[in-house]
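For the record, the sequence lines run as chains Z and V. With my numbering, the residue at position 240 of the first sequence is 264, and numbering never jumps. With my numbering, the residue at position 140 of the second sequence is 164, and numbering never jumps.
Since the hints were derived computationally from the structure, they do not count as laboratory data. Any given hint could turn out to be false.
[As the list claims (entries may be wrong)] Part of the chain V face toward chain Z, derived, beta carbon under 10 Å:
#1 123
#2 168
#3 264
#4 272
#5 279
#6 283
#7 300
[To be verified] If you want the footprint, here are the derived chain V segments under chain Z, 3+ residues with CB under 8 Å:
#8 182-195
#9 251-261
#10 306-312
Values in this document were obtained by computation on a predicted structure and should not be read as measured data. Yeah, the Cβ is synthetic: ideal placement off N, Cα and C, and Gly gets one too.
There are 2 protein chains.
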Amino acid sequence: MTLILALDFGGTKLAAAITQLGSRQWLRYERCLSPTGATAKTDLEIMRSLIYNLLQGETPSAIGVSFGGPVDFTTGTVRLSHHVLGWENIPLKHLLEQEFGVPTSVDNDANVAALGEHRFGAGQGYDSLFYVTISTGVGGGWILNGKPWRGNAGMAGEIGHIVVNPAGPVCLCGKRGCVERLASGPYMAQDAKEYLLKPANHFSGKQLRSLVNDNLDLITGKMISDAAAQGDELAINILQNGAWALGVGIGNVANLINPQRFILGGSVTKAGELWWQEVQKTARETALPEIDFEILPAALGDDAPLWGAVALAELGLI
Amino acid sequence: MTLILALDFGGTKLAAAITQLGSRQWLRYERCLSPTGATAKTDLEIMRSLIYNLLQGETPSAIGVSFGGPVDFTTGTVRLSHHVLGWENIPLKHLLEQEFGVPTSVDNDANVAALGEHRFGAGQGYDSLFYVTISTGVGGGWILNGKPWRGNAGMAGEIGHIVVNPAGPVCLCGKRGCVERLASGPYMAQDAKEYLLKPANHFSGKQLRSLVNDNLDLITGKMISDAAAQGDELAINILQNGAWALGVGIGNVANLINPQRFILGGSVTKAGELWWQEVQKTARETALPEIDFEILPAALGDDAPLWGAVALAELGLI
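One chain only, chain Z, in its complex shape (with noise of 0.2 Å):
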């Protein structure tokens, strides 16, 4: 029996689960929240015991990982995780073959849930397409020929940062305007509560401050898309100028890279019907006539690391 083992460091959860080569159900799962103050060392340790509580004495084949993180694929080392400390320049893929004496694979999340929507998701059958995460950050893993395109340096991708709006905010990358500061869960967040402390406002955001008892430094993404829902207007305009920027951003990848599909996964994509309809039309209107994709939901929803960690695997065995 040839087991894939697969794991996904997520940065506010681990998971990993096996499965048998081929097969698309997993024998056993395991998944647990990181500790609060949780470091590089409390989650190897956290997945090497979800680890040896799934394999039960058996040995994988290969292991599969997803990090939330920028990952030098070539030789699986971690640069750095944005929410957990201490993960700069840790060579994971070196451990688990250490530890695990099997082939080892390990990429960013954006590249390793790509994949899994590819051959197990929303991507089936397509060997171009482009798959973006819109949560709290705003990520891009892309697939060509039907394996993920990393770029020169492992660096492809990254529609979070490209920029669509030069006379807009800030972002933490230090450009004005990119994607992920107009378009992630966070920073829509920050704008709706920034513009509802200032003195004199148009929108009164009088559905979003009932959310969160006027406690302005409790409202999160999901918020923005729940009080958008009831009628909100501060909050409308805040999601579709997210999903503008999204939209902007799709239409010039399609222009440049002109993938077949665009997958798109993460929490703010459950914004709903609004959301969705500004950055088909956005997109629809920055991309050329002549360019034709479909944008479609992802498949896999939370475990596509998980698969896309099983997909990477299989392909270390080819």
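Following the hints, put chain V in place on chain Z, whose structure we already have.
Same frame as chain Z, now just chain V:
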């Protein structure tokens, strides 16, 4: 002797040359301007006479063709020309294969020039590069793993129509603030003219006006660079804005595609140091700090499409 025939349908000029497989020198070379009122029919007739002059009774082993307009590479059918009438849906590959009985490959000029620079020019030894031509239009050609990447429908690489300033002026394509709308020669000339036609101006455009004896209709892209070199502030402003737009476009491409090298060709790249510095600076600021790339001038000059056509024909022979 294995002969390669290279053809260049350039819009305003026609050129053809033959070389031996593996050689870097032309055996024979023919070039002429398209007549005023040229059509697809006259272009094809002139090209046929150039070809028969070149061949002198010999038979080539393969034909490579660079066409100045969108081409369906798979079928070798020209979609249209923006410069010459009557090119809609002309099966150029089929016509040439019927007449000369040898394998023929046809692609658009940016893809072909990219391939030429990759094989024989500034991109030698780099298997992932992005070529940009900045001239009457702005086009892109993209080499991935040593071969042109054309995207799902041959539309990849359209850097000219990615939006860099959504509040900018309207482009021919219908969108606002495309790279081409801000960075191409004719559009820079148009912006200068429109500025000088306004009643009250901050910049006098003195040097630019004197280059055309106050006949604003005569302003060209080249004159913008010439006037800028003479210190004309309006010209400097427009040139810098064009270079900025191209720099944002290149930085965005770096974020998405992460190629090793960008190679810039076309008449606007002769605009001087000011232009190059602004392009380099803006591209560097727009790309994420982790992303490495270089931006270099094209090496093959006016013969890039012909040498690219040789490379294209050779790929067809392999």
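Hints, one by one, checked against the model:
| no. | hint | in the structure |
| --- | --- | --- |
| 1 | 123 | violated (29 Å) |
| 2 | 168 | holds (7 Å) |
| 3 | 264 | violated (14 Å) |
| 4 | 272 | holds (6 Å) |
| 5 | 279 | holds (4 Å) |
| 6 | 283 | holds (6 Å) |
| 7 | 300 | violated (20 Å) |
| 8 | 182-195 | holds (count 9) |
| 9 | 251-261 | violated (count 0) |
| 10 | 306-312 | holds (count 3) |
Comparing the model with each earlier hint shows violations of hints 1, 3, 7, 9; every other hint is respected.
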